[in-house]
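Asks: Residues per chain, in single letters:
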Amino acid sequence: MDLKLRVWRQVGPSDTGAFEAIDATGISPEMSFLEMFDVINDRLVAEGREAIAFDHDCREGICGSCSMMINGRAHGPEVGTATCQLHMRKFRDGDEITVEPWRARAFPIIRDLVVDRSAFDRIVETGGFITAPTGSARDANEILVPKEAADLAMDAAACIGCGACVAACPNGAAQLFTAAKVSHLGVLPQGQPERYARVVNMVETMEQYFGSCTNHGECEKACPKEISIDFIALLNRDYVKAQFKNRSLAGQKR
Amino acid sequence: MIGSLDAKIPAGPIEQKWDQHKFDVKLVNPANKRRYHIIVVGSGLAGASAAATLGELGYRVTLFTFHDSPRRAHSIAAQGGINAAKNYRNDGDSVYRLFYDTVKGGDYRAREGNVYRLAQLSVDIIDQCVAQGVPFAREYGGLLDNRSFGGAQVSRTFYARGQTGQQLLLGAYSALMHQVQLGNVELNPRSEMLDLVTHDGRAAGIVVRNLITGAITSHSAHAVVLATGGYGNVFYLSTNAKASNVTAAWRAHKKGALFANPCYTQIHPTCIPRSDDFQSKLTLMSESLRNDGRVWVPAKMADGRSPDQIPESERDYFLERRYPTFGNLVPRDVASRAAKHEVDAGRGVGPKQNGVYLDLADSIERFGKDVIEERYGNLIEMYERITDEDPYKVPMRIYPAVHYAMGGLWVDYNLMSNVPGLYVLGEANFSDHGANRLGASALMQGLADGYYVLPATISDYLAPLLGTQPVPVDDPVFRDAEAGVHDQVRRLMSTNGSQSVDHFHRQLGDILWDNCGMARSRESLEKAISDIPALREEFWADVRVLGDHETLNQSLEKAGRVADFLEFGELLCIDALNREESCGGHFRLEHQTDEGEALRDDDNFSYVAAWEFDGVGNAPTLHKEPLEFEYVHLAQRSYK
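Heads up: the sequence lines are chains E and Z, in that order. Using this note's numbering, you'd call the opening residue of the first sequence number 953 and step up by one each time. Using this note's numbering, you'd call the opening residue of the second sequence number 8 and step up by one each time.
No lab work stands behind these hints, which were simulated from the structure alone. Be aware that a few hints might be false.
[Said to hold, decoys possible] The calculated lysine-lysine pairs, modelled on DSBU-like cross-linking and capped at a C-alpha distance of 35 Å, are:
hint : chain 1 : residue 1 : chain 2 : residue 2
1    : Z       : Lys359    : Z       : Lys400
2    : Z       : Lys631    : Z       : Lys261
3    : Z       : Lys534    : Z       : Lys261
4    : Z       : Lys307    : Z       : Lys359
5    : Z       : Lys376    : E       : Lys1042
6    : E       : Lys1173   : Z       : Lys376
7    : E       : Lys1173   : E       : Lys956
8    : E       : Lys956    : Z       : Lys359
9    : E       : Lys1099   : Z       : Lys376
10   : E       : Lys1042   : Z       : Lys347
11   : Z       : Lys359    : E       : Lys1042
12   : Z       : Lys33     : Z       : Lys261
13   : Z       : Lys400    : E       : Lys1099
14   : E       : Lys1042   : Z       : Lys400
15   : E       : Lys1173   : Z       : Lys647
16   : Z       : Lys359    : Z       : Lys647
[Unchecked claim] Restraint ranges, calculated between C-beta atoms of paired labels, are given here:
hint : chain 1 : residue 1 : chain 2 : residue 2 : range
17   : Z       : Arg41     : E       : Glu1094   : 32 to 40 Å
18   : Z       : Gly603    : E       : Val1031   : 45 to 53 Å
19   : E       : Leu1096   : Z       : Phe636    : 35 to 43 Å
20   : Z       : Phe285    : E       : Glu1100   : 42 to 50 Å
21   : Z       : Lys631    : E       : Ser966    : 50 to 58 Å
C-beta: ideal position from N, C-alpha, C; glycine also.
Let's have the full structure, built from the sequences with the hints guiding it.
Replies: Shown next, in the form of structure tokens:
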């Protein structure tokens, strides 16, 4: 296959970037999208041009590193697929493909296609955990978890933290990411004691960095793990409930 | 010079060693823990769980990871599950059985004391993970579910769909981030350790390169903990993530830490076969698929028919035939060699005849597609994306691929290397899996080391250091180490040769796979040992790293890692040549039974080979730690 790429190049966070046209000739349809980038990078280096920087690691769709906006779609055209699992057979010979980094205020560009997603870590550190110091746990089977709850928690916990939801959102909101974490812990019995404090802390941190959700639903479409937007409804319900619960838990003092 | 190796295995009956040891070690009182500073490198299961737990205990912890977030570490890709001797299935499991299975599975090349402790702790790990909210698979009654894994005849593997590693890592990561928020752990992402610094023979700190700014800085502490993963990528193609590397371990080795059993590399039987030269990595399909999948090849040589055209009578279910007791669930090394045997004999399947079938058809008929989808849905999807074939209709094609490193830095029972104050955890150490790791045991070991072993043993080293300060970072030992790192960066940037870093990495991978892969011989190893230094020389003369070292420069990062692989690969082959026996993942063609099984030589090789660095290109010095077996009866492994 012969393809025409337009790839975003930007040397550093404060530089003005621009698209660079790169011909990708002789690409095999069996290659993954990132393997095509490996081939292009080898050729660029041979021509004395710097390789395109992009985040990637496991190449199995689980680490959440890869993050390319391909023809305006986060992770490209295939539903439920991270960039690393997208294969060139999904494109046609002669296609022009535009590749950009995630674009969101909360994810500043570091270089080329690499962005800084550490705002996600900030959300998790304010509440994305169950306090359970090592050694304090009782026997695992003493906590009964209905299969339905475990399955629902797992559906939410499948989030790989790639940021496609934010990149796809016209507002740059991180509602789906936050909702997935809040729901994963909030539907499990172990997560109940901190449930309402968690949702408030995580939402408040999220709002420091990210835009607001106005129910576009683009996040669900872009999610490589197909995490359901229903979790945002769970998040909102818990957030509203928390306004009352936290007060009553604190003896109406707030 | 290094004296005799003391593994410090506690005396006494095996059931009591760990408890007795925990009583015997020196403690640091809670109020004094703040006075100690510990560096942890790596944020996978071992690193994240260690940093979180040390932080909970009250130590001051600084964590470094080259990832953008701790959650990306490659533990996340582990699929199938984690073993624990809970005996929830009532099928005869016990701590002793998990211990026995693991020592036997490792082909009698692991320490009994370490493995017994691992089996004991397995039980606590599951409790801990459930308390953290890890969404393990459940029965309808709300109790935990289990599946079976290779090398065992009981069901003791706990799992979260095909994403167990992800869920366990997210658990450890959440505990870690909690400690970050509390101020007990300082997190440094996108920071790569490029040297270990020692002072008076003790670990004093590390030198780190900030991958965004290129800044090279020193960090000192009372103790340094490496949890930096395995070296499988020395083969270029492996199931490891692209950035997985040996650099931290190798640079510690060059500063005096012994490297143990590097030739013990695990070739995992169920990976998607290689399709083309541009391939950048190999993808694992969880071993758990062997629960419900039957492995077969056409009985006829070079049978070109599509699988549905081959009648039952013309199929060879070779694992079931050769190993009727364990069938498709033989350990990984055995399954891998059997598959290689069939492919080498010309019965391989697929466009390149380089695979064997893993067929889910019988299980789909027996349980229905829904059940199979629930068990393996995400794996099957992954397979379909990569190959464009539907495993619900066509049997999957699999072939062995480099997966896990049993070898690693030498550590004693406390997980401390021979360099005082340097601890090594998880895949980066050598300690628990002998010559072959059983499935679902890597997650167990990473978490045992991080949640339980290190937090209980590190105080023994720290307690006498009360009141001392870490070596200041302006001490000449740090300055010298920084200068060395600067020099290497400059050298890589200024070589300005004609070949990319990947070019050399691929060549190294070919040398190792062809000569030190699933089958090794004196001849092939001698060839590799002469080819690798030549390639290393070529690398330093002809590598091309472009750009600037003061910005994000992924070519420069890779170049440093490949430079280390080019040195380490030679040691791997030297170790393989020294070990004149076959055991587990190390298969020497000269040493096999009449049936082609691995043939050990217990009289001469029942030892840990720990190598001391003597300069690049110089022969390393071998130190032997004899292995003693008081409980497990040494025998030719049989899974028939």
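Asks: CA of Lys376 of chain Z to CA of Lys1042 of chain E, is that 35 Å or under?
Replies: With Cα atoms ~27 Å apart, Lys376 of chain Z and Lys1042 of chain E stay inside 35 Å; holds.
Asks: Sort out whether Lys647 of chain Z lies within 35 Å of Lys359 of chain Z, counting only the CA atoms.
Replies: Answer holds: Lys359 of chain Z to Lys647 of chain Z is near 31 Å, not above 35 Å.
Asks: Is 42 to 50 Å a correct range for the gap between the Cβ atoms of Phe285 of chain Z and Glu1100 of chain E?
Replies: Holds, at about 44 Å.
Asks: For the pair we were handed, Lys1042 of chain E and Lys347 of chain Z, check the Cα-Cα distance against 35 Å.
Replies: holds (33 Å)
Asks: Sort out whether Lys1042 of chain E lies within 35 Å of Lys359 of chain Z, counting only the CA atoms.
Replies: Since the Cα atoms of Lys359 of chain Z and Lys1042 of chain E sit roughly 23 Å apart, the hinted pair holds (cutoff 35 Å).
Asks: If I claimed the Cβ atoms of Arg41 of chain Z and Glu1094 of chain E lie 32 to 40 Å apart, would that claim hold in this structure?
Replies: This hint holds: roughly 34 Å between Cβ atoms.
Asks: Is the straight-line distance between the alpha-carbon of Lys534 of chain Z and that of Lys261 of chain Z 35 Å or less?
Replies: With Cα atoms ~24 Å apart, Lys534 of chain Z and Lys261 of chain Z stay inside 35 Å; holds.
Asks: Need the status of pair Lys1042 of chain E, Lys400 of chain Z: alpha-carbon distance at most 35 Å?
Replies: Holds. Lys1042 of chain E to Lys400 of chain Z sits at ~21 Å (cutoff 35 Å).
Asks: Assess, step by step, whether the Cα of Lys400 of chain Z is no farther than 35 Å from the Cα of Lys1099 of chain E, and give holds or violated.
Replies: The given pair, whose Cα atoms are some 29 Å apart, holds under the 35 Å limit.
Asks: Is it true that the CA of Lys359 of chain Z sits at most 35 Å from the CA of Lys400 of chain Z?
Replies: holds (20 Å)
Asks: Is the hinted pair Lys33 of chain Z and Lys261 of chain Z satisfied, with a Cα-Cα distance of at most 35 Å?
Replies: holds (30 Å)
Asks: If you draw a straight line from the CA of Lys307 of chain Z to the CA of Lys359 of chain Z, is it 35 Å or shorter?
Replies: OK: Lys307 of chain Z and Lys359 of chain Z at ~16 Å, within 35 Å.
Of the numbered hints given earlier, the model fails hint 15 alone.
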